[in-house]
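Residues per chain, in single letters:
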Amino acid sequence: MSTNLSNPLTHTKTDDLIPVKEQDLKVDLSTFVGSWKNTKEDSGQIVKAELSSRDQQLILQAYGACEPDLCDWGTTECTVFTDAVNSPTAIAFFAKYEFNDITVEISSNVKLGVLVIQTYTTFNDGSGRQNYYTREFYHRQ
Amino acid sequence: METQISNHTISYKHFLGSWKNSRPETKGIESYVFEESDEGLQISVRGAEDGVIPGNWGTQPVICHASSPEGGKATAFQAGFLVNGHKIFIAGNINKGLIIIAIYIEAGEADANSFIREFFYKS
Numbered sequence: 001m002s003t004n005l006s007n008p009l010t011h012t013k014t015d016d017l018i019p020v021k022e023q024d025l026k027v028d029l030s031t032f033v034g035s036w037k038n039t040k041e042d043s044g045q046i047v048k049a050e051l052s053s054r055d056q057q058l059i060l061q062a063y064g065a066c067e068p069d070l071c072d073w074g075t076t077e078c079t080v081f082t083d084a085v086n087s088p089t090a091i092a093f094f095a096k097y098e099f100n101d102i103t104v105e106i107s108s109n110v111k112l113g114v115l116v117i118q119t120y121t122t123f124n125d126g127s128g129r130q131n132y133y134t135r136e137f138y139h140r141q
Numbered sequence: 001m002e003t004q005i006s007n008h009t010i011s012y013k014h015f016l017g018s019w020k021n022s023r024p025e026t027k028g029i030e031s032y033v034f035e036e037s038d039e040g041l042q043i044s045v046r047g048a049e050d051g052v053i054p055g056n057w058g059t060q061p062v063i064c065h066a067s068s069p070e071g072g073k074a075t076a077f078q079a080g081f082l083v084n085g086h087k088i089f090i091a092g093n094i095n096k097g098l099i100i101i102a103i104y105i106e107a108g109e110a111d112a113n114s115f116i117r118e119f120f121y122k123s
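Going down the list, the protein sequences come from chains A and B. Going by my numbering, 119 is the number at position 119 of the first sequence; the sequence numbering is gapless. Going by my numbering, 61 is the number at position 61 of the second sequence; the sequence numbering is gapless.
Chain A with its partners taken away, still in its complex shape (with noise of 0.2 Å):
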């Protein structure tokens, strides 16, 4: 880790350097702002993902696969990263929802107008179940 003078943001490498002029930059989080529907007419995982946008927060409230209806996971907030540090433009982001026994990480990112997302699960409940990871499309509704 290092700083200096000229611009005393920590920092591990040059690329993560910006001006400090541009040290207030808002992010656009257009990109993912709306509602998107899983491509897997079938899945068993998050069939629906809505995204809202408050305060310059990234807010993410996913859906499961469930029998008779939707799961509703609630809403929680997402940590956003855009394409290079002096960027506004956001092109992915992650969140995470902690259940009782079941912990679910998700990273997504946009590319060609389609989010993909990919969810990491992990069981607490100790019912033997594997840990297991996804990744599904999902277009805007």
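In short, the hints are calculated from the structure, not lab data. Please read all numbers here as calculations on a predicted model, not as lab measurements. Glycine included, C-beta positions come from ideal geometry on N, C-alpha and C. Warning: the hint list may mix true and false statements.
[As the list claims (entries may be wrong)] FRET-style restraints, in silico, Cβ to Cβ:
(1) Lys87/B - Gln57/A: 48 to 54 Å
(2) Asn56/B - Ile91/A: 32 to 38 Å
(3) Asp111/B - Arg129/A: 54 to 60 Å
(4) Thr59/B - Asn109/A: 33 to 39 Å
(5) Thr122/A - Asp111/B: 49 to 55 Å
(6) Gly17/B - Asn109/A: 45 to 51 Å
(7) Ile91/A - Thr75/B: 28 to 34 Å
(8) Thr89/A - Asn84/B: 31 to 37 Å
(9) Gly74/A - Asn84/B: 49 to 55 Å
(10) Phe89/B - Arg135/A: 25 to 31 Å
(11) Gly17/B - Lys26/A: 39 to 45 Å
(12) Ser87/A - Gly40/B: 45 to 51 Å
(13) Thr82/A - Gly108/B: 36 to 42 Å
[Unchecked claim] Under the rule of at most 35 Å between Cα atoms (straight-line distance), these lysine-lysine pairs were calculated in the DSBU-like manner:
(14) Lys20/B - Lys111/A
(15) Lys111/A - Lys87/B
(16) Lys26/A - Lys20/B
(17) Lys96/A - Lys40/A
(18) Lys111/A - Lys13/B
(19) Lys111/A - Lys96/B
[What the hints assert, rightly or not] So these bits of chain A aren't anywhere near chain B, every CB distance computed over 10 Å:
(20) Lys40
(21) Asp55
(22) Asn131
Please arrange chain B on chain A, whose structure you already have, making use of the hints.
Here is chain B on its own, set in the frame of chain A:
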């Protein structure tokens, strides 16, 4: 709703219907429809209005591919078009309900050949 090659068949029922580009600002294909005809599967393509080749590309037969020589469910396809002097080859595959299409456009004398890869969902 299947293509027979030798003793093995390829089913394509899951392809049938209308598919829409996930990217509204596309320069390639805006949408297409898979339908069954007496000769098998066929595809009708509409190029993006602001795209490289806008408008109706017409309807062409589709060659389906399964993931093994034993046949089964179609996982990929190919088709060819000739539109306004442009020779176009498309090759698609399906992954978790998303069709990914690679479009190869032979432009003729004036322009360079071009390649576009896009995603489509069932609409």
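Hints, verified against the model:
For Lys87/B paired with Gln57/A, a C-beta distance near 50 Å keeps the hint of 48 to 54 Å intact. Take Asn56/B and Ile91/A: their Cβ atoms lie about 34 Å apart, and the range 32 to 38 Å holds. Between Asp111/B and Arg129/A the Cβ separation comes to about 55 Å, which falls inside the hinted range of 54 to 60 Å. Checked against the hint of 33 to 39 Å, the pair Thr59/B and Asn109/A passes, with Cβ atoms roughly 35 Å apart.
The beta-carbon spacing between Thr122/A and Asp111/B, approximately 52 Å, falls within the hinted interval of 49 to 55 Å. For Gly17/B paired with Asn109/A, a C-beta distance near 27 Å fails the hint of 45 to 51 Å. A C-beta distance of roughly 29 Å is found between Ile91/A and Thr75/B, which places it inside the suggested range of 28 to 34 Å. Between Thr89/A and Asn84/B, the C-beta spacing of about 35 Å keeps the proposed range 31 to 37 Å intact.
Here the CB-CB span from Gly74/A to Asn84/B is close to 52 Å, well matched to the stated 49 to 55 Å. Separation of Phe89/B from Arg135/A is about 28 Å and conforms to the stated range, judged on CB atoms against 25 to 31 Å. Distance hint check: the CB atoms of Gly17/B and Lys26/A are about 41 Å apart, consistent with the given range 39 to 45 Å. Between Ser87/A and Gly40/B the C-beta distance comes to about 48 Å, which sits within the given range of 45 to 51 Å.
Judged by the Cβ atoms, the range 36 to 42 Å given for Thr82/A and Gly108/B holds: they are separated by roughly 40 Å. Between Lys20/B and Lys111/A the CA atoms are separated by roughly 15 Å; this keeps the pair inside 35 Å, and the hint holds. Annotation: proposed proximity of Lys111/A to Lys87/B holds, straight-line Cα distance about 27 Å (limit 35 Å). The straight-line distance between the Cα atoms of Lys26/A and Lys20/B is roughly 32 Å, inside the 35 Å bound, and the hint therefore holds.
For the proposed pair Lys96/A and Lys40/A, the alpha carbon gap of about 22 Å is at most 35 Å, so the pair holds. Restraint check: the Cα-Cα separation between Lys111/A and Lys13/B comes to about 27 Å, which is no more than 35 Å; the hinted pair holds. Restraint check for Lys111/A and Lys96/B: the C-alpha separation of about 15 Å stays at or below 35 Å, so the hint holds. A beta-carbon of chain B is positioned within 10 Å of the beta-carbon of Lys40/A; the least distance is around 4 Å.
Every Cβ of chain B is farther than 10 Å from the Cβ of Asp55/A; the closest lies at roughly 28 Å, confirming the non-interface assignment. Distance check for Asn131/A against chain B: the nearest CB is about 20 Å away, which clears 10 Å, and the non-interface claim stands.
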